[in-house]
Amino acid sequence: MLGLDQVGKIYPNRVEALEAVSLTVAPGAIVAVVGGSGCGKSTLLRLVCGLDQPTAGTIRLNGAPIQAPHPRIGIVFQEPRLLPWLSVAGNVGFGLRDRPAAERKTRVRTALQQVGLSEKAEAWPRELSGGQAQRVALARALVPRPDVLLLDEPFSALDAFTRVDLQEHLLELWADRRPTLVLVTHDVDEAIALADRVVILSPRPGRVFAEIVTELPRPRDRHAAGFDLAKRRVLAALDRSLNRALITDAGETRTSVGAALWW
Amino acid sequence: MTASAQSTRAPVRRRGALKFGVRSPALGLLLPVALALAWEAAVRLGWSDGRLVPPPSRIAATLMALAQTGELAHHAVATLLRVTAGFGLGVLAGTLIGALTGVSSLARRLIDPTLQGLRAIPSIAWVPLFVLWLGIFEASKVALIAVGVFFPVYLGVLGAILSVDRKIVEVGLVFRLSGPALAWRILLPAALPVYVVSLRAGLGLGWMFVVAAEIMGASEGLGYLLVDGQQLGKPAQIVAAILCFALLGKLSDSLLAMATAPLLRWEDAFGARR
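The listed protein sequences derive, respectively, from chains W and A. Taking my numbering, I'd label the letters of the first sequence as residues 1 to 263. Taking my numbering, I'd label the letters of the second sequence as residues 1001 to 1274.
Don't read these hints as lab results, they were simulated from the structure. Keep in mind it's a predicted model, so treat the numbers as computed, not measured. Where hints are given, some of them may not hold.
Quick partial rundown of chain W residues pointing at chain A, CB under 10 angstroms, derived from the structure [to be verified]:
(1) Pro71
(2) Arg126
(3) Glu127
(4) Arg140
(5) Trp174
(6) Glu215
Note that the Cβ used here is the ideal one computed from N, Cα and C, for glycine as well.
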């Protein structure tokens, strides 16, 4: 169980990124966090994975507060962030350094098979395409078998086809051991396709604006009416979350900002 | 590979082959060789006596003579030992202190301003002091070379560590690396390309300062051959010694580049693929 209790973050330059965010994620659940730019989505993940400390509230994993990077929590960043001096296999096995070499080898091999990159094991990261590199990053995060996997707009830099491929791929990997997934995204399609719950943050400071439980049956058909309905509900909520900010910021009302958010 | 594949490959121009196409590396030899031949011809034809600017043949003869008596090897070894010792000490100190100041901001604030101040002193200015402290023999020469090597290496290590991509460091942090493990597994490999460049810069300065040290007083070494050639009016010997410096400098730099190349095969840089 991952729990955020009244979490706030004010950066040293006094920018308030998050205010009183509370969220509970059950084991094995997939939660998407969406919101306009500046709503603190990425800050939220940095706090959960222990790279930054909240200035208010607590984050707990199975009851224990998180104050530093946690062995049971993995993260995939927006960029692959592979270590360029390690081979693909070396990157995947990076988090297994305290394991015996034999175990490390088999687990890396299995992970590379799972992401379909066995033949790239000895390649350098520079030789991979963007989609391949992100799959290696996914394997690297999953190989230590985390209970919680955080994903920070993991597919946003990829082209549309590769993105859908990787989303499906992520679901296959998730089905294997069912870690908790917390996915930050600005792609509403992605949120609906992957998550059971969509949390909408409103910007400046980031707050939980709405939470939409979709729980569509899996595997999901992106062209089904239910998918479309869920998408419209999320977009409508996003609209409202942003309108409020726009009125206070610029003194004018705009209505269909949500649609523009896809891009 | 089959024989037919070999034969079809054979006509392909290989890199490094001595062919004088416009893209050939041998093209760079054209100018110096032409100048040397022209000067040789000028002396042979009696347009110049070649007393102050000896022709290539006279330089080659001097080199041969020095080599045959074993003098050349003796002086070259003396110089090489000094460069090796000074380079080793300078690299060791520069790496350790650079790594310390790179990793610890306290150490950086404490040590770096002093070192930057010392760096402003032209290294040759230390010579009188080194001679007083360490005597006129090997120790003061090695110290001068070490000081020359120290600064580029120190700056290289410090700068390389400070400019390591934060995003890559965060990967280490997420996998709960800290202290020496973070330095060894993330900072060191990430800093390596810049470090290698600073080592090569340091080696170049090492050669520069060995000449300075040997000119200022030595009874052996290639620098001694320079001074000896000047005092006894033997320009051919001076040029011969200069050629030896060029050869050894280039050779040591190539060796260093070759030794470090396997560590940098991963680089995805403009210059990495030729």
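Review point. Is the hint on W:Trp174 kept, meaning its closest Cβ partner in chain A is under 10 angstroms away?
Key: violated (19 angstroms)
**Study point:** Interface hint status, W:Glu127 versus chain A (Cβ within 10 angstroms)
**Key:** holds (9 angstroms)
Exercise for review: Would you settle whether the hint for W:Arg126 is holds or violated, based on the nearest Cβ-Cβ distance to chain A being less than 10 angstroms?
Suggested key: Since the shortest Cβ distance to chain A is 4 angstroms, the answer is holds.
Point to revise | Satisfaction of the W:Pro71 interface hint, Cβ to chain A closer than 10 angstroms | key: holds (7 angstroms)
**Study point:** Restraint satisfaction for W:Glu215 [CB to CB of chain A, less than 10 angstroms]
**Key:** Since chain A brings no Cβ nearer than about 30 angstroms to W:Glu215, farther than 10 angstroms, the hint is violated.
Practice item. Using 10 angstroms as the Cβ threshold, decide whether W:Arg140 counts as touching chain A. Key: With Cβ-Cβ at 8 angstroms, under 10 angstroms, it holds.
The structure fails to meet hints 5, 6 from the earlier list, while all remaining hints are met.
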